[in-house]
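Engineer: One letter stands for each residue in the lines below.
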Amino acid sequence: MNFSVNGHDTYCYTGGKTFDATKPTVIFIHGVLNDHSVWILQTRYLAHHGYNVLAVDLPGHCRSAGAPPASVEEAADFVIALMAVAGLAKAALVGHSFGSLVALEAAARAGAQVSHLVLVGTAFPMKVSPVLLERSLSQPLGAIDMVNTFSHSTLAPPPSALGPGSWLYGGARALMRRVLASNPAVNLFHAGFRACDDYRNASVAMAQVQAPTLFILGRHDQMTPAKAAQSLINQAAQAQVVQLDGGHQLMTETPDAVLFAIRDFLRR
Amino acid sequence: MPGYFDPGFDTLALHAGAAPDAATGARAVPIYLSTSFVFESSDHAAALFNLERAGHVYSRISNPTNAVLEQRVSALEGGIGAISVASGQAALHLAVATLMGSGAHIVASTALYGGSQNLLHYTLRRFGIETSFVKPGDIDGWRAAVRPNTKLFFGETVGNPALEVLDIPTVSTIAHEAGVPLLVDSTLTTPWLIQPFEHGADLVYHSATKFLSGHGTVIGGIVVDGGSFDWDKSGKFPELTTPYDGFHNMVFSEESSVGAFLLRARREGLRDFGACLSPHSAWLILQGIETLSLRMARHMSNTHKVVEFLSSQPLVARVGHPMLAGHPSHALAQKLLPRGAGSVFSFDLQGSREQGKQFVEGLKLFSHLANVGDCRSLVIHPASTTHFRMSDEALAAGGITQGTIRLSIGLEEPDDLIDDLKRALKIAGKAA
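Protein chains in written order, with our numbering: chain P, 7 to 274; chain U, 1273 to 1704.
Heads up, some of the hints might be wrong.
To be verified - In silico negatives: residues of chain U with every beta carbon more than 10 angstroms from chain P:
no. : residue
1   : A1298
2   : S1584
3   : C1647
4   : D1687
Stated by the list, open to error - Restraint-style ranges between C-beta atoms, simulated for each label pair:
no. : chain 1 : residue 1 : chain 2 : residue 2 : range
5   : P       : R269      : U       : D1544     : 28 to 34 angstroms
6   : U       : D1544     : P       : K233      : 45 to 51 angstroms
7   : P       : V137      : U       : H1487     : 42 to 48 angstroms
8   : P       : Q216      : U       : H1552     : 55 to 61 angstroms
9   : P       : A191      : U       : N1322     : 36 to 42 angstroms
10  : P       : L147      : U       : P1586     : 49 to 55 angstroms
11  : P       : P131      : U       : G1297     : 40 to 46 angstroms
12  : U       : F1309     : P       : A191      : 46 to 52 angstroms
13  : U       : D1544     : P       : S209      : 54 to 60 angstroms
14  : U       : D1293     : P       : Q216      : 44 to 50 angstroms
15  : U       : D1293     : P       : L147      : 33 to 39 angstroms
Read the hints as simulated data drawn from the structure, not as lab findings.
Just so it is clear, CB atoms sit at the ideal spot from N, CA and C, and this is done for glycine as well.
Here chain P stands alone, though its shape is the one from the complex (with noise of 0.2 angstroms):
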């Protein structure tokens, strides 16, 4: 379904179901180089289990209008004012990577209006190397090959998004050069590193959060490692840490354990 946020139609997966806004809502938030279509496995099951599920496609990216976000903070405000949109005086705030970030920034503004946080293969900082960044700007399909590799673990995952047969390499590497190509004007890949590089006020959002927070992170994670997730973990008033035997794209080479942990999360 379409809201329109900022004056600029905004595309959010609902699972399948009508949106209900009275019912308890989760919002999904995607990476660099993703959309809500990452997150297939999560929103449906939860949408068909008494939760209103929005898996948006951020601006500029794929299925909706406007500016790319240029920072979290920005991306954050986007989050908090889609809320307001919709109608929601409450909501649990699920991040992947760069949406991690995200959703960590828009809990700590929004307060007590975040039910829930949980973050996907998170770190802090989110540093990117100089030759990822100049790449993904100079040789971006180059580049996406790179982060490819460097964020899938296994070459036999479990049936994932399409169903048994799923190639996950192919999968992910075919989504990024789709949303890459969804806009012309604004190098979503190197705008989104750019944008995790950047961000400096995790520690301080972290302490700002009045939700529980559930960190869910890959044991073979080489984008954001576990350990990269200590800090926050550290700082975060109420964390629930889950390990799975997964890479960087957990949601698609371990998603019923992605699935399982969001979900007996939400039932806190």
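On the provided structure of chain P, position chain U as indicated by the hints.
Structural biologist: Below, chain U alone, put in the same frame as chain P:
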């Protein structure tokens, strides 16, 4: 497999989609000969049926052994996923039936396997899907054949049996300008010789019966999605971009931004048409794929020697392999198929039809049968077998004459193959 890992083709051919079996430790891929799979709970069952969770329900729709094959071929092709089916023809039908219905139109190459030509020209026409045929090298013809209701471009990487190489970069560009995908049959080339997605194709299928399995033991097919075609942007595929009553009103392109085709093909095509692959057949194909690189290298080196031999024989009027400078596709093959244009090719004998018959019957190592891509060398007379339903005009359009002989070069000692051909040519010569 934690840590940096960027596996190459040969590693993927052995490992993609499979790890040692968690339950038993079995190193080879187990054959899951089970029609169905136990649900953990009623909630699990409902979630699987509703695509809330991924997993196996019933082997017509998916199976763990087949899933390994699908992941492996996807990996080798550079695709996002695949669906294995009962034959190459089932793969072609699944692709077409997923993308269109009555009233649609296809633009296809004239240089097709006879069964594919028959499906398009006769059978699909009966169901309201028309096809315009264009010579693969007639670039203006591809563009001119597009109609408002065109939904698909289709060709073979190297056309059967004259080995006209499809100019995938150019034809795919024309297809994309028309807002439709290019489907490519890569059976004769395999991903070892060409990866069509890298050149602009959107969907690839194989008759896995041939080189992928490689041993003449199994019938199977597989269709792979490159994930590159934007169905929403095209606007010509409501089958994938609008709610589908037949499956929970799902909008497949919303569920997956890149995998809408595969979602519908499995949830509708396999469910309703039912052309599923036996897990045992999938396992046999996997066994073949594990040695694909080794076999294809030998197929190509043997082919090189046989083509050179035949080219020097006075009784041979023409050898139709793109490795030869005189072949119409020589330059294109060098560009798109640097490892070679396959080991299935045709040649024309000088002389009568009877001499052709004597030649085929004079061969001892080459087996006279209707298949290609076996580890054993094969021979057939297309005009009277694989292409017998086609008119003379259609045969000529496909580069086939009454005297055309098709060979599929196997893995035997190349000198033995050449001796066999020498003997048969001698018999054919005496029959003049």
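Engineer: Check each numbered hint against the structure and report the violated ones by number, ascending.
Structural biologist: none
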